[in-house]
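J.: Sequence:
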Amino acid sequence: MSSKQAAVQAGFGGEQVLDKVFESYAFSMKHGVFHDLSLASSTYFQVDTLFITPSYAVLFEVKNIAGELTVIQNPPQLIRVLDSGKVSGFKSPIAQLESNCELFQDWLYSRNISLPVYGAVVLAYARQRIEVFDTNIPILFPSAVPSFIRKFPTTSPLLDDKAFADLLSQLSNSHRDFIPSPICETYSIPRRDIRTGVVCPGCGFIGMVRHSRSWHCTACGHADREAHKQAIRDWFLLFGGKMSNKDCRAFLHIARQQTAHRILRGMSLHTEGANRNRTYTMHFLSERKKRT
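FYI, in our numbering the residues of the sequence shown are 1 to 292.
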């Protein structure tokens, strides 16, 4: 199993799907977009993507899970069946979304802000198969998100420009660092089952070769100077903890310590120790994105 496959099967990486949607679509109304937003209300909660305007807010729960999916109501659960026949259970995205909407509404009320809050579940792939019980929660594919948003009325804003700018600032400043549990630990995936190597962003081939400070794909010929960044992020999502120079070399398939050192120093990672005892940690707070 590749690191990319492990992340997809566990449901990670979905935030990037909507990030691309919002980067490529221009909305006429004033709005803000937050990805991977972690807030505190009566408890901590994390929103995959928040789209907010002076008239309303929409929370998106993104699922990027391989296999045939069934969402059941009682108990609230997502059942996944792989082609191999393996069956796994996950938290219901509908129950998670409903909880997040309530918690976000409470977060707004605690700041004397009154906005209607809506929600939708987004499936990363248009070919995804899913069965869902009778529910009012929309289930969307990424391409349908812009038209879904455009259906909400914006003719009577509830917040003026100053109040809306202040709300965006409060959201950004209220974000709490979120460190996800390692995928291999959460889903009991042995390290030996993870296929290592840098994934080609052009064709998906695993095992790009480092040459002249760039990564080259032997399958399609694509070259990319920064392809290692996603691989290192995958390592932290998969295994967690601290990465050593040796860990980096093994995962990226590079031989020279100097090369691994240069790559890690260019990733803005937190460092501890010196020389051969130096380790690196990724703070996922820096991974959060906001657009206004």
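Derived by calculation from the structure, the hints in this document are not laboratory data.
Here the structure is a predicted model, which is why all the values come from computation and not from measurement.
Any given hint might turn out to be false.
The calculated DMTMM-like cross-link candidates involving lysine to aspartate or glutamate, where the alpha carbons are at most 20 Å apart (straight line), are [claimed, not checked]:
no., residue 1, residue 2
1, K20, E226
2, K242, D224
3, K91, D160
4, K242, E272
5, K246, D166
6, K86, E131
7, K86, D166
8, K229, D247
9, K86, D247
10, K229, D36
11, K30, E131
12, K86, E102
13, K151, D193
14, K229, D19
15, K91, E102
16, K20, D36
17, K30, E185
18, K30, D134
19, K242, D166
20, K91, E185
21, K91, D161
22, K86, E68
23, K162, E131
J.: It remains to establish, for every hint, whether it holds in the given structure.
T.: Structure-based check of all given hints:
no. : hint           : verdict
1   : K20 with E226  : 18 Å, holds
2   : K242 with D224 : 26 Å, violated
3   : K91 with D160  : 38 Å, violated
4   : K242 with E272 : 9 Å, holds
5   : K246 with D166 : 46 Å, violated
6   : K86 with E131  : 17 Å, holds
7   : K86 with D166  : 48 Å, violated
8   : K229 with D247 : 14 Å, holds
9   : K86 with D247  : 30 Å, violated
10  : K229 with D36  : 19 Å, holds
11  : K30 with E131  : 35 Å, violated
12  : K86 with E102  : 34 Å, violated
13  : K151 with D193 : 45 Å, violated
14  : K229 with D19  : 17 Å, holds
15  : K91 with E102  : 17 Å, holds
16  : K20 with D36   : 14 Å, holds
17  : K30 with E185  : 41 Å, violated
18  : K30 with D134  : 33 Å, violated
19  : K242 with D166 : 37 Å, violated
20  : K91 with E185  : 17 Å, holds
21  : K91 with D161  : 38 Å, violated
22  : K86 with E68   : 11 Å, holds
23  : K162 with E131 : 44 Å, violated
Checked against the numbered hints given earlier, this structure breaks hints 2, 3, 5, 7, 9, 11, 12, 13, 17, 18, 19, 21, 23; the rest are met.
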